[in-house]
Amino acid sequence: MSNATSHNETVHRVSFLDKDSVSVPILKILQADGTVYENAVLPTIGQELATKIHDTCVFTRVLDERMLGAQRQGRISFYMTCTGEEASIIGSVASLDSDDVILAQYREHAAIRYRGFSTEQFMNQLFSNEKDLGKGRQMPIHYGSAELNYQTISSPLATQIPQASGVGYSLKMQDKRNVAVCYFGEGAASEGDFHAGLNMAAVLKSPTIFFCRNNGYAISTPTSEQFMGNGIASRGPGYGIHTIRVDGNDMLAVLAATQQARAHAIHNKEPVLIEAMTYRLGAHSSSDDPSGYRSKEEEAKWQTHDPVKRFKLWMINKGWLTEKQDADLYEKYRKEVLAELKLAEKRPMSMLDTIVEDVYDAPTPRLQQQLKSLKKHLNKYPDSYPKSVGRG
Amino acid sequence: MAKINMLQAINDALSLVLETDDKAILFGEDVGHFGGVFRATSGLQEKYGKERCFNTPLTEQGIAGFANGLASNGMTAIAEIQFADYIFPAIDQIVNESAKFRYRSGNEFNVGGITYRTPYGGGIAGGHYHSQSPEAYFTQTAGLKVVVPRNAYQAKGLLLASIRDKNPVVFFEPKRLYRANIGEVPDGDYEIELGKAEVVREGKDITLLAWGAQMEIIEEAADMATKQGISCEVIDLRTLAPWDIETVAASVKKTGRLLINHEAPLTGGFAGEIAATIQEECFLYLESPISRVCGLDTPYPLIHEKEYMPDALKTFEAIKATVKF
Ligand SMILES: Cc1ncc(C[n+]2csc(CCOP(=O)(O)OP(=O)(O)O)c2C)c(N)n1
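Protein chains in written order, with UniProt numbering: chain L, 1 to 392; chain F, 1 to 325.
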């Protein structure tokens, strides 16, 4: 068989494809004032779903605001917000089935919240205490839960992308009508793993949704220094992947696109690429100061596209929410987060024995011996090491 | 001579190279206008222009491959890998390409003009993806030089020597000392010869050997031992590949004992290589087994960082045990 390309016209003089020839439309449904565009086709959404989405938005805003504050007070070592990107994350997760497997980058805590991660569970991870599911081994924000089908975050960027292709393929092999969902930033899309992952998924027909949060920056690097060409979406067709670009600050557009992407991926057993155009309103992380690389005016402009506010206005217009209910919800979560924070802060850190656990399925003799001599040493100098450790 | 910190010393060295070597190019994630996440490259884009100091797309594989291309065609490539933990996506380009360019081509081509700078090590509450010391993956690769400075003065002198060395160098910067280590650093140009260890302190009972951030630790342990009447000779290896066997062996022949400290896990760590070599060189002089005080054979834990660390107390205990053996 010939090279498997379709409908190519033949020409007889040199004719290049124009590098700007790929144009990608952007789906927009909801306007800044909370009304929808004329002729817009709405996603499937009733009051119950809308209320859950709104609830997750408010929780996430409160968590981000409160925990960034806690980091500044030195109560936790590190934090990352998803402020400005809530519609991308919540709109997409709300279109999924709870058995769809999520592989996130690190800025998608709203998605694990949507699935039911409790305020207490957030705090346990952020404070690395003995109840943290990850046993206090990773920095704050590296959440994960098998129960919620949310694979634990790994800091090396883009490694989750080819893994998602494998997860999607495994779902197909297990005859599940589910997809793998992979989140990543436009920065991470420069890694080799991005190419490897999308190409594998396309060739092997893996039901996987690749969800790119194009938020304008990778730490200090603007998209103009990250890629040429038409964003990340333009690459989808190059890999042979069904692709859509959406306004990432528009909850209804993200919801609509992801609902249909999921149906397509399951029906056709193949990947879909979604690029959500959004903006990182906050700093990259608590260690970063964006004033060194972008202007206050630019940030202010994006404040006017606030996705949470836009969705709230839509709900109010529908008669599904009042300003008072919205304000009360913020108040409720402020109290809840603070109360759980105080509890989590006081919980002891995990037992010393966990230091050699989970390296292998069971600690090797060498590790057991290392733990033994470590304990002997700590018992000799109990005052020189953290007190709260259960020394066992 | 000004007192500056290690980041400023590195910035000084890079600025000097860009000024004096018009083939030099500096690049990596966020190194441009922003000056890098640790600010080692602050102000260099403003001074030397966007063509010679720039942000790359977020791809370590791409950065290292690009460096190979630049250097194979006569440029001086200085690439920053944002954290040593993230050098692994580039490992194919570094281990299979940078290290073997000269060998495989019979020196028709070489990439001696490359220096990979990367912050390594723990002690910053970074957990296992911001704390690794991956030097041993590179010391096993013939064709690469591996260099680790311990203070601001060394950082400048060793970095200048690494950049001008005619071999690809992986230059590990101890990030927990970036701002903490302040010392006198000459304004002008100077180099510290690669492949030479430094005897930091003379002693007669035991030789303590480390590099980079762990030098602080073994010096502290040496102070503790001195109070117990044990006299320690303290050596900074500075270059791990090729390492200065002669200086270390001479010291061990004098003291009869050796302790090696590194932050990376014990098993497969570079201390194993040193211990085996010194045992060959100094067998008849050794009065006790060579001791290793290293990280545990686990990933670097966030919450148990203090317990995990091969710290001064652990080193002190090992010194006593070795001397008493
Ligand atoms: C392999 C690797 N290289 C570098 C880093 C350091 N790093 C962490 S986040 C980040 C920027 C990521 O940008 P993007 O993917 O656009 O996501 P965003 O932070 O904008 O959500 C970098 C360079 C890393 N974690 N992993």
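Treat the hints as calculated values from the structure; they're not laboratory data.
Nothing here was measured: the structure is a model prediction, and the numbers come from that model.
Please note that the accuracy of each hint is not assured.
Within a straight-line C-alpha distance of at most 25 Å, the following computed DMTMM-like cross-link-like pairs (lysine to aspartate or glutamate) qualify [said to hold, decoys possible]: (1) Lys376/L <-> Glu219/F; (2) Lys47/F <-> Asp289/L; (3) Lys387/L <-> Glu273/F; (4) Lys387/L <-> Asp297/F; (5) Lys376/L <-> Asp297/F; (6) Lys380/L <-> Glu202/F; (7) Lys372/L <-> Asp297/F; (8) Lys387/L <-> Glu184/F; (9) Lys380/L <-> Asp92/F; (10) Lys314/F <-> Glu225/L; (11) Lys47/F <-> Asp383/L; (12) Lys50/F <-> Glu225/L; (13) Lys50/F <-> Asp358/L; (14) Lys306/F <-> Asp358/L; (15) Lys314/F <-> Asp383/L.
One side of the interface only, derived from the structure: several residues of chain F facing chain L at Cβ under 10 Å [stated by the list, open to error]: (16) Val37; (17) Thr56; (18) Phe66; (19) Gly123; (20) Tyr129; (21) Tyr137; (22) Thr139; (23) Ala142; (24) Lys253; (25) Lys254; (26) Glu281; (27) Leu284; (28) Leu302.
Cβ coordinates follow ideal geometry from the N, Cα and C atoms, glycine included.
Structure-based check of each hint:
no.: 1; hint: Lys376/L <-> Glu219/F; in the structure: holds, 23 Å
no.: 2; hint: Lys47/F <-> Asp289/L; in the structure: holds, 22 Å
no.: 3; hint: Lys387/L <-> Glu273/F; in the structure: violated, 36 Å
no.: 4; hint: Lys387/L <-> Asp297/F; in the structure: holds, 23 Å
no.: 5; hint: Lys376/L <-> Asp297/F; in the structure: holds, 17 Å
no.: 6; hint: Lys380/L <-> Glu202/F; in the structure: violated, 29 Å
no.: 7; hint: Lys372/L <-> Asp297/F; in the structure: holds, 13 Å
no.: 8; hint: Lys387/L <-> Glu184/F; in the structure: violated, 38 Å
no.: 9; hint: Lys380/L <-> Asp92/F; in the structure: violated, 45 Å
no.: 10; hint: Lys314/F <-> Glu225/L; in the structure: violated, 47 Å
no.: 11; hint: Lys47/F <-> Asp383/L; in the structure: violated, 50 Å
no.: 12; hint: Lys50/F <-> Glu225/L; in the structure: holds, 11 Å
no.: 13; hint: Lys50/F <-> Asp358/L; in the structure: violated, 46 Å
no.: 14; hint: Lys306/F <-> Asp358/L; in the structure: holds, 19 Å
no.: 15; hint: Lys314/F <-> Asp383/L; in the structure: holds, 14 Å
no.: 16; hint: Val37; in the structure: holds, 6 Å
no.: 17; hint: Thr56; in the structure: holds, 8 Å
no.: 18; hint: Phe66; in the structure: violated, 12 Å
no.: 19; hint: Gly123; in the structure: violated, 12 Å
no.: 20; hint: Tyr129; in the structure: holds, 3 Å
no.: 21; hint: Tyr137; in the structure: violated, 15 Å
no.: 22; hint: Thr139; in the structure: violated, 22 Å
no.: 23; hint: Ala142; in the structure: violated, 25 Å
no.: 24; hint: Lys253; in the structure: violated, 29 Å
no.: 25; hint: Lys254; in the structure: violated, 29 Å
no.: 26; hint: Glu281; in the structure: violated, 27 Å
no.: 27; hint: Leu284; in the structure: violated, 29 Å
no.: 28; hint: Leu302; in the structure: holds, 6 Å
Of the numbered hints given earlier, the model fails hints 3, 6, 8, 9, 10, 11, 13, 18, 19, 21, 22, 23, 24, 25, 26, 27; all others are met.
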